[in-house]
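Engineer: The residues making up each chain are set out below.
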Amino acid sequence: MATLSRDEVARVAALARIDLSPTELDRLAGELEVIVQSVTRVSEVATPDVPATSHPLPLSNVFRADVPVAPLDRDEVLAGAPAALDGKFLVPQILGEEA
Amino acid sequence: MSADLVRLSAATLSQALARGDVSSVEVTRAHLDRIAAVDGDVHAYLHVSDEQALATAAGVDKARAAGEDLHPLAGVPIAVKDVVVTRGLPTTAGSKILEGWVPPYDATLVSRLKAAGLPILGKTNMDEFAMGSSTEHSAYGNTHNPWDLTRIPGGSGGGSAAAVGAYEAPLAIGTDTGGSIRQPAAVTGTVGVKPTYGSVSRYGLIALASSLDQAGPVTRTVLDAALLHELIGGHDPLDSTSLTDPVPDLVGAARLGAAGDLSGVRIGVVRELGGEGYQPGVLARFTESLELLQAAGAEVVEVSCPHFDYALAAYYLILPAEASSNLAKFDGMRFGLRVEPSEGPVTAERVMAATRGAGFGDEVKRRIILGTYALSAGYYDAYYGSAQKVRTLIQRDFAAAFAQVDVLVSPTAPTTAFRLGEKLDDPLAMYLNDVATIPVNLAGVPGISVPSGLSDDGLPVGFQVIAPARADDRLYRIGAALEAALEERWGGPLLEQAPELETNR
Numbered sequence: 001m002a003t004l005s006r007d008e009v010a011r012v013a014a015l016a017r018i019d020l021s022p023t024e025l026d027r028l029a030g031e032l033e034v035i036v037q038s039v040t041r042v043s044e045v046a047t048p049d050v051p052a053t054s055h056p057l058p059l060s061n062v063f064r065a066d067v068p069v070a071p072l073d074r075d076e077v078l079a080g081a082p083a084a085l086d087g088k089f090l091v092p093q094i095l096g097e098e099a
Numbered sequence: 001m002s003a004d005l006v007r008l009s010a011a012t013l014s015q016a017l018a019r020g021d022v023s024s025v026e027v028t029r030a031h032l033d034r035i036a037a038v039d040g041d042v043h044a045y046l047h048v049s050d051e052q053a054l055a056t057a058a059g060v061d062k063a064r065a066a067g068e069d070l071h072p073l074a075g076v077p078i079a080v081k082d083v084v085v086t087r088g089l090p091t092t093a094g095s096k097i098l099e100g101w102v103p104p105y106d107a108t109l110v111s112r113l114k115a116a117g118l119p120i121l122g123k124t125n126m127d128e129f130a131m132g133s134s135t136e137h138s139a140y141g142n143t144h145n146p147w148d149l150t151r152i153p154g155g156s157g158g159g160s161a162a163a164v165g166a167y168e169a170p171l172a173i174g175t176d177t178g179g180s181i182r183q184p185a186a187v188t189g190t191v192g193v194k195p196t197y198g199s200v201s202r203y204g205l206i207a208l209a210s211s212l213d214q215a216g217p218v219t220r221t222v223l224d225a226a227l228l229h230e231l232i233g234g235h236d237p238l239d240s241t242s243l244t245d246p247v248p249d250l251v252g253a254a255r256l257g258a259a260g261d262l263s264g265v266r267i268g269v270v271r272e273l274g275g276e277g278y279q280p281g282v283l284a285r286f287t288e289s290l291e292l293l294q295a296a297g298a299e300v301v302e303v304s305c306p307h308f309d310y311a312l313a314a315y316y317l318i319l320p321a322e323a324s325s326n327l328a329k330f331d332g333m334r335f336g337l338r339v340e341p342s343e344g345p346v347t348a349e350r351v352m353a354a355t356r357g358a359g360f361g362d363e364v365k366r367r368i369i370l371g372t373y374a375l376s377a378g379y380y381d382a383y384y385g386s387a388q389k390v391r392t393l394i395q396r397d398f399a400a401a402f403a404q405v406d407v408l409v410s411p412t413a414p415t416t417a418f419r420l421g422e423k424l425d426d427p428l429a430m431y432l433n434d435v436a437t438i439p440v441n442l443a444g445v446p447g448i449s450v451p452s453g454l455s456d457d458g459l460p461v462g463f464q465v466i467a468p469a470r471a472d473d474r475l476y477r478i479g480a481a482l483e484a485a486l487e488e489r490w491g492g493p494l495l496e497q498a499p500e501l502e503t504n505r
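If you're matching them up, the sequences are chains V and X in order.
Residue numbering for the first sequence follows my numbering, starting at 1 and increasing by one per position.
Residue numbering for the second sequence follows my numbering, starting at 1 and increasing by one per position.
Keep in mind that the hints were calculated from the coordinates and are not lab data.
A few of these clues could be false.
Unchecked claim - Derived DMTMM-like pairs (lysine to aspartate or glutamate); straight-line CA-CA distance at most 25 Å:
(1) V:Lys88 x X:Glu340
(2) V:Lys88 x X:Asp106
(3) X:Lys329 x V:Asp73
(4) X:Lys96 x V:Glu76
(5) X:Lys329 x X:Glu363
(6) X:Lys423 x X:Asp41
(7) X:Lys62 x X:Asp21
(8) X:Lys96 x V:Glu31
(9) X:Lys114 x X:Asp245
(10) V:Lys88 x X:Glu99
(11) X:Lys423 x X:Asp456
(12) X:Lys423 x V:Asp75
(13) X:Lys96 x V:Asp19
(14) X:Lys96 x V:Glu24
(15) X:Lys96 x V:Asp75
(16) X:Lys329 x V:Glu8
(17) X:Lys62 x X:Asp50
(18) V:Lys88 x X:Asp50
(19) X:Lys114 x V:Asp75
(20) X:Lys329 x X:Asp239
(21) X:Lys423 x X:Asp148
Could you build the full structure based on these sequences and the hints that come with them?
Structural biologist: And the structure:
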């Protein structure tokens with residue numbers, strides 16, 4: 001099993017969209033290495049014959065009646081947004097190229 | 001009068017209110033005064049909602065005067081953990097990324113509190129996004145244990161437990177993903193219940209790990225927990241994992257237990273949840289409680305749950321994996337903080353990374369990165385897939401144990417409250433605080449922590465009772481029986497032995 005190097009932590013942090021300072025990267029790499037080594041134990045008993053459980057008390061086919069209900073109040077929702085314009089969320093450009 | 005009101009249980013307050021001995025405004029005011037007097041030192045609350053609480057209280061008093069039919073807890077004030085959304089009241093989940101956010105809707109359990117007429121005193125402190133066992137990962141400062149202000153109140157729901165323990169609320173709401181209701185209860189000498197998964201709606205809980213999270217009562221007595229559990233429990237169509245079963249008669253079970261007869265009840269001591277790593281004083285109080293349960297007529301046997309030794313490892317793969325997905329919504333677009341990168345193009349993706357870098361604390365970053373790693377290509381089967389298999393093995397251990405006994409018991413936490421800062425730089429040492437509570441969440445079964453005395457260091461110890469899924473009533477029967485037997489020995493509640501807090505009024 002791979003170990004969690006500083007480069008690997010930087011790669012995963014980028015996937016998780018979290019900017020880290022160089023100091024944070026150094027510290028996290030050390031801490032995560034220890035944690036990952038500790039949790040690797042699960043493979044000792046996770047043999048192929050054991051089924052996986054994703055949910056403690058699984059339910060299936062949970063539906064509600066197809067009846068419209070009142071949506072959230074738009075102004076209340078937008079009041080909590082970092083920026084809003086004309087009744088909509090105002091966001092930065094989505095794509096990286098020139099706008 | 002006001003000082004006495006804050007020491008009454010919710011059940012006693014409920015009776016006093018119904019008789020008209022006291023008004024809800026008086027009760028609510030007494031708690032707000034207590035908060036003003038001691039919360040500067042305890043810091044259980046992130047936000048106190050004086051005006052709204054008093055308005056609710058006045059409304060209840062008016063309705064009662066008009067002879068309206070009221071819920072038994074109408075007019076009894078409550079504190080709500082800050083991970084539960086409350087329309088019109090700030091909700092941060094202990095994170096800078098949600099500073100100042102006011103939710104546009106109520107969690108289902110909050111709607112039920114409001115409909116029943118419980119004045120909401122405020123929102124309680126917690127580890128950021130409920131990640132932690134000491135409340136030290138809050139972005140808004142530490143909560144202090146009312147028994148010793150230099151020590152942790154447990155976590156993640158340290159604020160709710162401290163609020164109840166310091167008489168700043170008779171009732172509080174907590175959430176428990178790996179022990180966040182039960183472990184704070186243990187270290188503050190209070191009562192906490194994690195209900196069966198799906199029996200209390202998760203709608204409006206800011207999700208940490210969706211397959212583990214469950215809200216429940218935080219109180220000073222077992223009966224109070226039953227009263228609150230019955231109010232917040234039951235089916236909710238807004239939560240697709242909500243069970244459709246009716247809520248069992250929990251108050252009846254608590255009253256039955258308090259009567260003291262446990263004849264015919266079989267109790268299993270989990271061999272793997274004790275011994276090495278457990279403080280001697282914790283184990284001594286545990287053994288004494290077992291003897292009291294035996295004296296009440298219960299049969300006690302030892303059972304083995306061999307895969308519990310792998311629970312912590314499985315939990316620290318499943319929880320970060322689910323959290324990394326749930327917390328992806330904090331992208332700086334629709335709510336909370338937005339931080340633009342200091343240089344380069346301002347695109348949504350770069351704004352998201354800058355926002356999360358600035359808005360999340362250390363533990364949240366650790367767990368999101370760990371979860372993202374465990375789910376990433378090439379590692380999924382070895383980590384997340386294996387952890388899910390361990391979950392099956394733990395469920396099988398529970399099933400085998402519950403074929404032999406009615407409930408399982410253990411110490412709630414391996415140690416008493418440690419000093420603030422003591423484990424902050426050692427994530428693994430912090431994770432071990434939940435070693436006895438985590439298996440319960442992985443299996444979705446219910447658990448309670450009841451105070452069982454003081455350890456050699458003079459700090460509270462908790463006794464955990466675990467029941468099969470949907471048999472939450474057993475927690476209340478056994479919990480109330482133990483509480484009654486212990487209080488008879490102590491001559492009153494354990495909390496009466498806590499030192500008086502200094503008041504600044």
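Engineer: Hint by hint, note whether the structure agrees.
Structural biologist: Now the hints, each set against the structure:
This hinted pair checks out: Lys88 (chain V) and Glu340 (chain X) have alpha carbons roughly 20 Å apart, not beyond 25 Å. Distance check on the hinted pair: Lys88 (chain V) and Asp106 (chain X) sit about 22 Å apart at the alpha-carbon level, within 25 Å; holds. Straight-line distance between C-alpha atoms of Lys329 (chain X) and Asp73 (chain V) comes to about 20 Å, which keeps the hinted pair within the 25 Å bound. A threshold of 25 Å between alpha carbons decides the hint, and for Lys96 (chain X) with Glu76 (chain V) the separation of about 20 Å falls inside it, so the pair holds.
Pair hint Lys329 (chain X) plus Glu363 (chain X) holds up; C-alpha atoms about 18 Å apart against a cutoff of 25 Å. Using a Cα cut-off of 25 Å, the hinted pair Lys423 (chain X) and Asp41 (chain X) holds, with the two alpha carbons roughly 21 Å apart. Between Lys62 (chain X) and Asp21 (chain X) the alpha-carbon distance is near 15 Å, which keeps this suggested pair within the 25 Å criterion. About 23 Å separates the Cα atoms of Lys96 (chain X) and Glu31 (chain V), which keeps this hinted pair within 25 Å; it holds.
For the given pair, Lys114 (chain X) sits about 23 Å from Asp245 (chain X) by alpha-carbon distance, which is consistent with the 25 Å threshold. A C-alpha spacing of about 21 Å is found between Lys88 (chain V) and Glu99 (chain X), which places the hinted pair at or below 25 Å, so the restraint holds. Restraint check for Lys423 (chain X) and Asp456 (chain X): the C-alpha separation of about 21 Å stays at or below 25 Å, so the hint holds. Note on Lys423 (chain X) and Asp75 (chain V): the hinted pairing is violated, with a Cα-Cα distance of about 44 Å set against a maximum of 25 Å.
The suggested pairing of Lys96 (chain X) with Asp19 (chain V) holds, with an alpha-carbon distance near 15 Å, which does not exceed 25 Å. For the proposed pair Lys96 (chain X) and Glu24 (chain V), the alpha carbon gap of about 18 Å is at most 25 Å, so the pair holds. Among the hinted pairs, Lys96 (chain X) with Asp75 (chain V) is consistent with the structure: their alpha-carbon atoms are about 23 Å apart, no more than 25 Å. Distance hint between Lys329 (chain X) and Glu8 (chain V) is fulfilled; the C-alpha atoms sit about 24 Å from each other, no more than 25 Å.
With a C-alpha separation of about 18 Å, the suggested pair Lys62 (chain X) and Asp50 (chain X) falls inside the 25 Å cut-off, and the hint holds. Only pairs whose Cα atoms come within 25 Å are accepted, and Lys88 (chain V) paired with Asp50 (chain X) is rejected, the gap being roughly 33 Å. At roughly 23 Å between alpha-carbon atoms, Lys114 (chain X) and Asp75 (chain V) fall within 25 Å of each other, so this suggested pair holds. This hinted pair checks out: Lys329 (chain X) and Asp239 (chain X) have alpha carbons roughly 18 Å apart, not beyond 25 Å.
A hinted pair counts as satisfied when its Cα atoms are at most 25 Å apart, and Lys423 (chain X) with Asp148 (chain X) qualifies at roughly 17 Å.
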